[in-house]
Amino acid sequence: MSYDEERLAEVLRRLPAPPEAWVRAAQELPTARAALDTLVARAESDAAERARIVADLEAALAAEGIEPTSPLVSELRERLSK
Amino acid sequence: MAGDAELVRRCLDGERAAWDELVEQYSRYVYAIAHQGYRLRGPDAEDAFQEVFLRVYDRLGSLRDPEALRPWIAQLTRRVCLDRLAAAGRDEPSDLEPTGVEQTMEDLDEAFAVREALGELPEECQEVLDRFFCRDESYRTIGEELGIPSGTIASRISRCLGKLRERFEGRNEPPGGSGEVKA
Numbered sequence: 001m002s003y004d005e006e007r008l009a010e011v012l013r014r015l016p017a018p019p020e021a022w023v024r025a026a027q028e029l030p031t032a033r034a035a036l037d038t039l040v041a042r043a044e045s046d047a048a049e050r051a052r053i054v055a056d057l058e059a060a061l062a063a064e065g066i067e068p069t070s071p072l073v074s075e076l077r078e079r080l081s082k
Numbered sequence: 001m002a003g004d005a006e007l008v009r010r011c012l013d014g015e016r017a018a019w020d021e022l023v024e025q026y027s028r029y030v031y032a033i034a035h036q037g038y039r040l041r042g043p044d045a046e047d048a049f050q051e052v053f054l055r056v057y058d059r060l061g062s063l064r065d066p067e068a069l070r071p072w073i074a075q076l077t078r079r080v081c082l083d084r085l086a087a088a089g090r091d092e093p094s095d096l097e098p099t100g101v102e103q104t105m106e107d108l109d110e111a112f113a114v115r116e117a118l119g120e121l122p123e124e125c126q127e128v129l130d131r132f133f134c135r136d137e138s139y140r141t142i143g144e145e146l147g148i149p150s151g152t153i154a155s156r157i158s159r160c161l162g163k164l165r166e167r168f169e170g171r172n173e174p175p176g177g178s179g180e181v182k183a
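Chains P and H, in that order, give the protein sequences.
The opening position of the first sequence corresponds to residue 1 in this note's numbering, with each subsequent residue numbered one higher.
The opening position of the second sequence corresponds to residue 1 in this note's numbering, with each subsequent residue numbered one higher.
Simulated from the structure, these hints should not be mistaken for laboratory data.
Please read these numbers as outputs of a predicted model, since none were measured by experiment.
Here a beta-carbon is modelled for each residue, glycine too, at the ideal position from N, C-alpha and C.
One thing to keep in mind: the hints can contain errors.
[To be verified] Coverage of chain H stretches by chain P, computed from C-beta distances (three or more under 8 Å per stretch; other residues unrestricted):
1. 43 to 54
2. 68 to 79
3. 109 to 116
4. 155 to 162
5. 165 to 171
Construct all of the structure, not just a fragment, from the sequences and the given hints.
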């Protein structure tokens, strides 16, 4: 298939940029995962801390400097329910 | 641009910059599949987007053929989108494939290949083509942001499209084959 400039322009338009905040949050996943591990470890070693974290998962993640995206909150909930 | 196998290797070695690169390289593709292929919007689209990268991060080590990163991410994204549609409470995921999604996937794969060629052009071309075609910025905004006269933007876009065409068609000449990789 021949690609004239008009066609190339049309093809380029198919991949618009997602919101920058989404990209940043995804790039922060290694940090988020480490913070999540820390939170779980703290919850496992201290009942009061566990209660505090479980009471507000989003706030607990945010307090670690992590964007509390829905998948991360779900994962934290699941790990603390084990 | 380094190949996907190299990118995967660096990610698995724990190189933080490699993960940033992977997200940067695939964010548009994942977003487009969710948005155009599965018509997810707002929080559903954002949740799916984050879920895909979480799965990629967790499962990258299980990818058998690192050169198959793109089809693997496509497959993960489609699964996540279907799960999200199912969670909305309608049907089983297998009943939820939107009409035309296969054609959309073909279109997006083609766009991904063009974008890879774009990544091999000089920075000034990448910038001006991305701003105009993917971010819908006006000549005036592009001119202001890049510090170039807005009257020269149209000619720069045309020149850069010409370079992109050469680069893209050069990548696709035989004996390169289709470039399709088995997942």
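Numbered hints the structure breaks, given as an ascending list: 2
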